[in-house]
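There are 2 protein chains.
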Amino acid sequence: MRIAELSRRTGVPVPTIKYYLREGLLPAGELTSPNQARYGEAHLHRLRLVRALVEVGGLSIAAVRDVLGALEDPEKSLHKAMGTVETAVAGTGATTDDEVAHEQAREFVTRQGWGYRPRSDAFQSLVSVLATARDIGLDSFPAQLDGYARAGTALAAQDLDYVLSAPTKDAAMEVVAVGTVLGDAALAAVRRLARREMSVRRDRGEREPGGPGSPERECADDDR
Amino acid sequence: MRIAELSRRTGVPVPTIKYYLREGLLPAGELTSPNQARYGEAHLHRLRLVRALVEVGGLSIAAVRDVLGALEDPEKSLHKAMGTVETAVAGTGATTDDEVAHEQAREFVTRQGWGYRPRSDAFQSLVSVLATARDIGLDSFPAQLDGYARAGTALAAQDLDYVLSAPTKDAAMEVVAVGTVLGDAALAAVRRLARREMSVRRDRGEREPGGPGSPERECADDDR
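Line by line, the protein sequences give chains A and B.
If you're matching positions, the first sequence starts at 57 in the working numbering and goes up one per residue.
If you're matching positions, the second sequence starts at 57 in the working numbering and goes up one per residue.
There could be a bad hint or two in this list.
The list makes no distinction among identical chains, and a pair is therefore deemed to hold if it is satisfied within one copy or across any two copies.
As the list claims (entries may be wrong) - Lysine to any residue pairs mimicking SDA-like chemistry, simulated, CA-CA at most 20 Å apart:
#1 LYS136 - ARG173
#2 LYS136 - LEU87
#3 LYS225 - ARG260
#4 LYS132 - ASP259
#5 LYS136 - ASP259
#6 LYS74 - PRO90
#7 LYS132 - ARG104
#8 LYS136 - VAL156
#9 LYS74 - SER133
#10 LYS225 - GLY261
#11 LYS74 - ARG102
#12 LYS136 - GLY261
#13 LYS225 - SER255
It should be emphasised that the hints constitute simulated quantities derived from the structure, not laboratory data.
All chains should be modelled from the sequences, with the hints used to inform the complete structure.
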């Protein structure tokens with residue numbers, strides 16, 4: 057297919073596709089004349105991956121390049137590929153020298169029985185959030201972390217099972233590359249849905265939501 | 057204090073502070089001469105809030121303005137303020153007309169016994185993620201949602217308790233305004249820490265992490 061069809065089938069504008077080609081995120085098409093190239097299903101699929109990482113994940117072009125590079129490395133173990141993706145997703149968060157926040161984070165991972173990896177992106181990211189909370193005066197924020205650990209542990213097990221359930225290594229690598237990004241976005245949306253549900257019920261003076269089975273209803277009286 | 061000190065104490069560059077002033081995110085200081093203003097502790101605190109929303113939350117200026125507006129409205133209930141913050145945080149996600157994804161999301165909220173609010177930002181956000189997953193061919197992605205619901209429900213209860221535990225309504229409003237953003241960032245970091253921990257242990261052939269209590273150790277043999 058030509059670039060116009062690639063654009064139509066993915067919803068990505070032609071100038072954007074050309075940008076991705078120039079940046080090496082998409083391999084070149086097959087030149088059929090000096091100014092025309094043809095693209096196949098592999099390009100289509102790759103372009104969809106790129107779009108997911110950019111639009112849902114908000115990754116920079118450089119980060120997308122790292123993630124795609126991990127996908128293409130046949131020597132790469134799943135574990136190392138996940139490390140590459142985690143670093144790319146974490147982005148270039150500013151490191152902070154807030155020692156109290158660092159200590160809070162260290163105490164937290166220790167309390168969970170996890171390894172203390174102060175140079176890892178995830179740890180630095182946590183320190184950064186804790187430093188911000190201290191800055192604003194949210195002194196009780198660190199107390200939230202243990203609840204996050206319970207949820208985070210359950211989700212991590214689910215994430216890894218999802219990766220390992222893929223039928224082939226290539227498919228598993230794709231789950232690693234995109235699953236993290238989609239999973240974080242889906243969880244954020246689900247958490248908001250749950251908060252909204254709970255907030256509505258508390259606001260009406262109802263009890264907390266219980267298990268599944270409540271009848272479906274459209275909430276016409278909500279203001280949005 | 058003058059603007060230079062405001063900058064020094066918050067780490068926000070002077071041109072950025074002036075930008076926030078022009079955009080109305082910060083109230084003007086007290087003019088002591090035609091070209092000089094003085095700022096107080098309230099400005100300091102406000103600037104820290106703005107920076108948290110922008111840097112940790114990645115909110116646009118318009119979204120920050122909405123959130124701060126909710127904070128300042130004395131008539132606003134906590135429930136409505138949370139709604140304003142949720143909308144601002146959700147951002148201007150593209151809506152999608154993928155009917156299958158919409159149906160997947162509808163089935164999901166129904167299965168959880170939650171209200172079906174198709175016009176809400178959270179629901180649209182979920183549809184968008186599901187549409188992207190379908191696009192890439194991650195057909196088993198919707199099966200991840202029930203696990204997210206369990207985590208999301210527990211976290212939502214924790215989030216609301218955190219808001220309601222604030223000593224004053226003003227403090228509660230601040231938790232609503234910034235807590236969501238910090239909480240999402242903290243959860244993402246904690247989830248990555250948990251995934252890393254689990255992946256390392258599986259990679260080494262060890263059993264899954266158990267409860268708290270493992271001795272603290274620095275992981276010198278990890279590659280980062």
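Hints and how they fare:
Taking CA atoms no more than 20 Å apart as the test, LYS136 paired with ARG173 passes inside one copy only; the shortest distance there is 16 Å, against 40 Å between copies. For the homomeric pair LYS136 and LEU87, neither the shortest alpha-carbon distance inside one copy (35 Å) nor that between copies (57 Å) is at most 20 Å. Only between protomers do LYS225 and ARG260 lie at most 20 Å apart by alpha-carbon distance; the minimum there is 19 Å, versus 50 Å within a single protomer. For the identical chains of this complex, LYS132 and ASP259 are inter-copy neighbours only, at 13 Å across copies versus 51 Å inside a copy, given an alpha-carbon limit of 20 Å.
When the C-alpha separation of LYS136 and ASP259 is checked against a cutoff of 20 Å, the pair qualifies only between copies, where the shortest distance is 10 Å, while the shortest distance within a copy is 47 Å. Taking identical chains as interchangeable, the C-alpha atoms of LYS74 and PRO90 lie at most 20 Å apart only when both belong to the same chain, with a minimum of 15 Å there against 51 Å between chains. Taking the shortest alpha-carbon separations for LYS132 and ARG104, neither the intra-copy value of 22 Å nor the inter-copy value of 42 Å comes in at or below 20 Å. Proximity of LYS136 and VAL156 under a CA criterion of 20 Å is satisfied in neither setting, with 31 Å inside one chain copy and 34 Å between copies.
Taking CA atoms no more than 20 Å apart as the test, LYS74 paired with SER133 passes in neither setting, with 32 Å inside one copy and 49 Å between copies. In the homo-oligomer, the alpha carbons of LYS225 and GLY261 lie at most 20 Å apart only across protomers (19 Å), although the nearest pairing inside one protomer, at 50 Å, exceeds that limit. For the homomeric pair LYS74 and ARG102, the shortest alpha-carbon distance inside one copy (14 Å) is at most 20 Å, but the shortest distance between copies (43 Å) is not. When the C-alpha separation of LYS136 and GLY261 is checked against a cutoff of 20 Å, the pair qualifies only between copies, where the shortest distance is 15 Å, while the shortest distance within a copy is 49 Å.
For a Cα distance limit of 20 Å, the shortest separation of LYS225 from SER255 across copies, 16 Å, qualifies, whereas the shortest one inside one copy, 43 Å, does not.
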